Amino acid sequence: MMARGFRSVGWVAAVGTAALACYMLSLQVATERAELASVERKIIATKQEIRSLQTELGTRGRLSQLERWNADVLALSAPASGQFLQSEFTLARFDQRERTIEEKTAVRLASLETQKQENAPALRRAVAEVREPLRPPQAVIHRASFQTPPAEVAAAKPVLIDDKLAREIGAAAHAETGRRTKAGQ
Amino acid sequence: MTALAVEPERARLAGDRQQSMALTYHRLMLMMLVFAGVTLLIVVRLLFLQLFTDRSVVPVGNPLLPARGDIVDRNGVPLARTIDAWSIAVHPRKLLGDPDELAVKLNELIPERSVAQYRAMLTSDRNFTYLSRRAAPELVAAVNALGEPAIVFDREPERLYPQTVMASHVLGWTDMDGRGVAGMERVLDERLSDPAKRGTPVALSIDARVQAVLESELSAAMTKFSAIGAAGIVMDIETGEVLALASLPQLNPNAPGQSAIEAGFNRATLGVYELGSTFKPFTVAMAMDAGVVKGFGQHYNCPAGLKVGRFTITDTHPFGRSCTVAEIMKESSNIGTAQIAAELGGVRQKEFLRKMGFLEPISIELNERGRTLTPGSNWGEVATMTVGYGHGIAVTPLHLASGYATLFNGGFWRPATLLKHDRGHPVPKGRRVFTEDTSYRMRSLLRLVVTEGTGKKADAPGYRVGGKTGTAEKISGGRYTGAAVVTTFAGVFPMDKPRYVVVAMLDDPKGTADTYGFHTAGWNVAPVVSRVIGRTGSLLGVRPNEAVDADMQEVLRYVQREQAH
Chain A
1 MMARGFRSVG WVAAVGTAAL ACYMLSLQVA TERAELASVE RKIIATKQEI
51 RSLQTELGTR GRLSQLERWN ADVLALSAPA SGQFLQSEFT LARFDQRERT
101 IEEKTAVRLA SLETQKQENA PALRRAVAEV REPLRPPQAV IHRASFQTPP
151 AEVAAAKPVL IDDKLAREIG AAAHAETGRR TKAGQ
Chain B
1 MTALAVEPER ARLAGDRQQS MALTYHRLML MMLVFAGVTL LIVVRLLFLQ
51 LFTDRSVVPV GNPLLPARGD IVDRNGVPLA RTIDAWSIAV HPRKLLGDPD
101 ELAVKLNELI PERSVAQYRA MLTSDRNFTY LSRRAAPELV AAVNALGEPA
151 IVFDREPERL YPQTVMASHV LGWTDMDGRG VAGMERVLDE RLSDPAKRGT
201 PVALSIDARV QAVLESELSA AMTKFSAIGA AGIVMDIETG EVLALASLPQ
251 LNPNAPGQSA IEAGFNRATL GVYELGSTFK PFTVAMAMDA GVVKGFGQHY
301 NCPAGLKVGR FTITDTHPFG RSCTVAEIMK ESSNIGTAQI AAELGGVRQK
351 EFLRKMGFLE PISIELNERG RTLTPGSNWG EVATMTVGYG HGIAVTPLHL
401 ASGYATLFNG GFWRPATLLK HDRGHPVPKG RRVFTEDTSY RMRSLLRLVV
451 TEGTGKKADA PGYRVGGKTG TAEKISGGRY TGAAVVTTFA GVFPMDKPRY
501 VVVAMLDDPK GTADTYGFHT AGWNVAPVVS RVIGRTGSLL GVRPNEAVDA
551 DMQEVLRYVQ REQAH
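Each protein sequence line maps, in turn, to chains A and B. Residue numbers for the first sequence follow the UniProt record's numbering, beginning at 1 and rising by one. Residue numbers for the second sequence follow the UniProt record's numbering, beginning at 1 and rising by one.
Treat the hints with care, since some could be wrong.
Partial list, derived from the structure: chain B residues whose beta carbon lies under 7 Å from chain A [said to hold, decoys possible]:
hint, residue
1, 76
2, 78
3, 162
4, 163
5, 212
6, 535
7, 546
Keep in mind the hints are simulated off the structure, nothing from the lab. Only a predicted model underlies this, so the values are computations on that prediction, with no experimental measurement involved. Note that CB positions come from ideal geometry on N, CA and C, so glycine has one too.
Please work from the sequences and hints to get the whole structure.
Right under this line is the structure:
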């Protein structure tokens, strides 16, 4: 009885709630839409402002004005042809500082220890290029490898090389040394 | 009736009441129905509105779409824009304040008009009149502070040229209604005001940086040598794109009415001048193409004066001996060039000039194009000879630039353009004028002029400039006087692979102490070209390199060293 009496009230309440909910929803959507529109308007206004600021900046910083400032204050000039480098070698020529001892040593080691440099073709090639004009390649490798008197060379290599060859090498090396000291003078 | 009615009072009363109750209910019901009906009507109307109102935003026009399209340079630097500017106007009939007092104050703020003029405006019978258009915001604030309600402020589109006078002859300007009346504004008027297209800016072929340098150097030279005018062009040899085009004096396109009328004259495309010796390379190239000149070692007799008809052609540096083509070019000999031109003949010369576009107005978008002056029907032997060294024919500086481009790009003539080449505007194929071989061999000849000859001051270290000087006397009162000259330098760089042509011209320069009183091109206009190239060469993608140069072997052996004698 009670339930039947309240059923109609319940219906009304349910329909009312549903209608209200729908209305609220549509209201919400409308609000969001309005907000979106206002954001869009703001974006447009900002874009317009950006444009006008850009224009103002461009006008204040026009090229003739920049040139006037440059003439008055900065006095910069266009780079001359000497300031353009054609290759990395020209750039390397600008390195004016004195080499440190480590750097010097490293270079000497690379040119001396020919045996080890067998594995480093680039370095070996560099050595060969440097020495080639001075004397035949065979002797170069020999001299460069062993910075020792010829007697020691013979003693150091008895197993690999027979006496005759060792003597020959020794004689050649001796002659080389003589020639080099002459050349050095 | 009344007596009868009294009698059944009670019974009638009860019935009456019932009846009136019913009537009341009836009326109430009716009322309710009316209310319900009205409510329903409102609801229906609301629903109707809700459902059938067109909510789609009617596009009133994109607010970001400018009233007139922008013009930008080839790198996108704005050269012309439309902004919302303030205008100040007054409704004289609605004026509340004292016109005399207001006129004085307005004159203080906007001194363009006198107090009397302002008073006349304020007391006039008109409904609306402008006090100031294109007013600055500070001025608007100041006028607003006067507190006169009849003065109104409004925003209206205004054409602004951010770089002020720069490239004013290229851009042109607009009138008060925003229609282009000169330059590219006029050419592109339709395109710039078309709602479908004006959103995207128009890119010109101009490079703002190069334009600024060219203008500043030309204006410095113009001041230094007290010239009455100057013109300059930087052009891409391969495409015909004009990277800079200047004509001095300039006017400010932001306020075109305030400049001198003289400043509106475009010397680079509208003014025609006899450009003198800058024509000589054309003559030599024509002769080489026609087979008249076989090599730079070919000899011509160069006496101190060459008598042709009643004229005598003279040289500034007379040889007085036989000289080679290389020497003729190096010392800019009129006598030698005249002989080459005579051998070539007027018919072939005219045909070459026609193919180079020298007989008709320059081919460019601008409307300000001058008609060239030629010997016309009087093209006899004398005319052929004088045209050979650039006299008796008057063309615009842009013709000259276009001609040099033709000569050094492998021999193809292409129309000059102020619009950037891109997919929608491809480089035209061009028409062949000179052979590729001639074009190649001319390189060393013009490089020689700069390394050894009259154009030494045009050299920019590392940029391998080649070119030719030209000093032509101006005609005043129908005769050459020698007092007033037009000096020109047409330069091309880098000569080992030509890419750009630079033409500079000074109108009536005077000698100074620096130039030892000379007013020839080698002294005044060649340094302009040198500085322009030195400042812009690397911007244009040419690496200065003093280790490379054009192949000079072909010319150097034909040049006799003066020291040797």
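Here is what the structure says about each hint:
Below 7 Å, beta-carbon pairs count as interface contacts, and residue 76 (chain B) has none with chain A, the closest being about 11 Å; its hint is therefore violated. Restraint check, residue 78 (chain B) versus chain A: the minimum CB separation of about 6 Å is within 7 Å; hint holds. Hint status for residue 162 (chain B): holds, given a least beta-carbon distance of 4 Å to chain A, under 7 Å. Hint status for residue 163 (chain B): holds, given a least beta-carbon distance of 5 Å to chain A, under 7 Å.
A distance limit of 7 Å between C-beta atoms decides the matter here; for residue 212 (chain B) the minimum to chain A is near 4 Å, and the interface restraint holds. About 4 Å separates the beta-carbon of residue 535 (chain B) from the nearest beta-carbon of chain A, less than 7 Å, and the hint is met. Interface restraint check for residue 546 (chain B): the shortest CB-CB distance to chain A comes to about 6 Å, inside 7 Å, so the restraint holds.
Taken one by one, the earlier hints fail for this structure only at number 1.
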